[in-house]
Amino acid sequence: MNLNRFLILAVLFTLGFVSCRSHRTLDTSKENTAPDALSKYEKQLGISLPASANREYFAAIAPWVGAPYKYGGNLITGADCSGFVSTIYSNVFHIQLERTSDSIYKKSRKITKKELREGDLLFFTIEGKKVSHVGMHLTGEYFIHASTKRGVVVSSMTEPYYIKTFTAYGTYR
Numbered sequence: 146m147n148l149n150r151f152l153i154l155a156v157l158f159t160l161g162f163v164s165c166r167s168h169r170t171l172d173t174s175k176e177n178t179a180p181d182a183l184s185k186y187e188k189q190l191g192i193s194l195p196a197s198a199n200r201e202y203f204a205a206i207a208p209w210v211g212a213p214y215k216y217g218g219n220l221i222t223g224a225d226c227s228g229f230v231s232t233i234y235s236n237v238f239h240i241q242l243e244r245t246s247d248s249i250y251k252k253s254r255k256i257t258k259k260e261l262r263e264g265d266l267l268f269f270t271i272e273g274k275k276v277s278h279v280g281m282h283l284t285g286e287y288f289i290h291a292s293t294k295r296g297v298v299v300s301s302m303t304e305p306y307y308i309k310t311f312t313a314y315g316t317y318r
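Heads up: take any position in the sequence shown, counting from 1, add 145, and you land on the working numbering.
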């Protein structure tokens with residue numbers, strides 16, 4: 146009889162512990178799913194986002210806006226374009242990218258503008274024949290990248306400079 150009572154108490158305790166743990170997980174995720182969280186990212190990025198926006202992606206990239214450029218860097222304290230993109234891909238999509246823009250370009254699957262989704266890649270050839278710059282799609286005509294002069298910024302594909310140097314869209318997903 147004591148063994149049965151012990152087993153019942155153990156099961157109830159376990160269910161109570163798991164239930165509390167699940168409840169805490171739901172509470173902490175409210176920050177990323179709340180409607181006002183999306184407007185927070187809109188303010189940080191300076192663009193409007195669709196209601197269906199991938200909140201995890203935008204939560205990961207928004208704090209980077211204004212991070213300084215650092216050749217070879219991949220930290221929020223300093224990053225180059227491929228370091229920034231590689232870090233976000235690793236943290237958000239759990240995909241390990243190559244370390245240079247041209248290597249990322251060569252291994253990506255090329256897509257059309259119509260296929261473009263949040264987080265897909267935009268490649269640019271600034272000088273020479275090799276791809277030398279990479280950014281990530283946000284929404285509409287906007288993308289985020291680490292600029293050598295301005296650090297991590299949001300830019301528009303309608304800017305003449307990006308129209309002129311654009312090479313291709315790509316994805317790893």
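Worth flagging that the hints you see were computed from the coordinates, not collected in a lab. Incorrect hints may appear among the rest.
What the hints assert, rightly or not - List of simulated lysine-lysine pairs, DSS-like, C-alpha gap at most 27 angstroms:
hint	residue 1	residue 2
1	Lys251	Lys215
2	Lys294	Lys259
3	Lys215	Lys275
4	Lys252	Lys274
5	Lys185	Lys275
6	Lys258	Lys274
7	Lys275	Lys258
8	Lys274	Lys255
9	Lys259	Lys215
10	Lys251	Lys185
11	Lys252	Lys188
12	Lys309	Lys294
13	Lys309	Lys275
14	Lys309	Lys251
15	Lys274	Lys215
16	Lys275	Lys294
17	Lys215	Lys252
18	Lys294	Lys274
19	Lys251	Lys274
20	Lys188	Lys275
21	Lys259	Lys274
22	Lys188	Lys274
23	Lys309	Lys255
24	Lys275	Lys259
25	Lys251	Lys275
26	Lys185	Lys274
27	Lys251	Lys294
28	Lys188	Lys255
29	Lys188	Lys251
30	Lys255	Lys275
31	Lys188	Lys215
Quick rundown of the hints versus the structure:
no.: 1; hint: Lys251 to Lys215; result: holds, 23 angstroms
no.: 2; hint: Lys294 to Lys259; result: violated, 30 angstroms
no.: 3; hint: Lys215 to Lys275; result: holds, 20 angstroms
no.: 4; hint: Lys252 to Lys274; result: holds, 17 angstroms
no.: 5; hint: Lys185 to Lys275; result: violated, 37 angstroms
no.: 6; hint: Lys258 to Lys274; result: holds, 22 angstroms
no.: 7; hint: Lys275 to Lys258; result: holds, 21 angstroms
no.: 8; hint: Lys274 to Lys255; result: holds, 17 angstroms
no.: 9; hint: Lys259 to Lys215; result: violated, 33 angstroms
no.: 10; hint: Lys251 to Lys185; result: violated, 35 angstroms
no.: 11; hint: Lys252 to Lys188; result: violated, 33 angstroms
no.: 12; hint: Lys309 to Lys294; result: holds, 18 angstroms
no.: 13; hint: Lys309 to Lys275; result: holds, 15 angstroms
no.: 14; hint: Lys309 to Lys251; result: holds, 20 angstroms
no.: 15; hint: Lys274 to Lys215; result: holds, 23 angstroms
no.: 16; hint: Lys275 to Lys294; result: holds, 20 angstroms
no.: 17; hint: Lys215 to Lys252; result: holds, 24 angstroms
no.: 18; hint: Lys294 to Lys274; result: holds, 22 angstroms
no.: 19; hint: Lys251 to Lys274; result: holds, 13 angstroms
no.: 20; hint: Lys188 to Lys275; result: violated, 35 angstroms
no.: 21; hint: Lys259 to Lys274; result: holds, 26 angstroms
no.: 22; hint: Lys188 to Lys274; result: violated, 37 angstroms
no.: 23; hint: Lys309 to Lys255; result: holds, 19 angstroms
no.: 24; hint: Lys275 to Lys259; result: holds, 25 angstroms
no.: 25; hint: Lys251 to Lys275; result: holds, 10 angstroms
no.: 26; hint: Lys185 to Lys274; result: violated, 39 angstroms
no.: 27; hint: Lys251 to Lys294; result: holds, 26 angstroms
no.: 28; hint: Lys188 to Lys255; result: violated, 31 angstroms
no.: 29; hint: Lys188 to Lys251; result: violated, 34 angstroms
no.: 30; hint: Lys255 to Lys275; result: holds, 16 angstroms
no.: 31; hint: Lys188 to Lys215; result: holds, 25 angstroms
The structure shown violates the earlier hints numbered 2, 5, 9, 10, 11, 20, 22, 26, 28 and 29.
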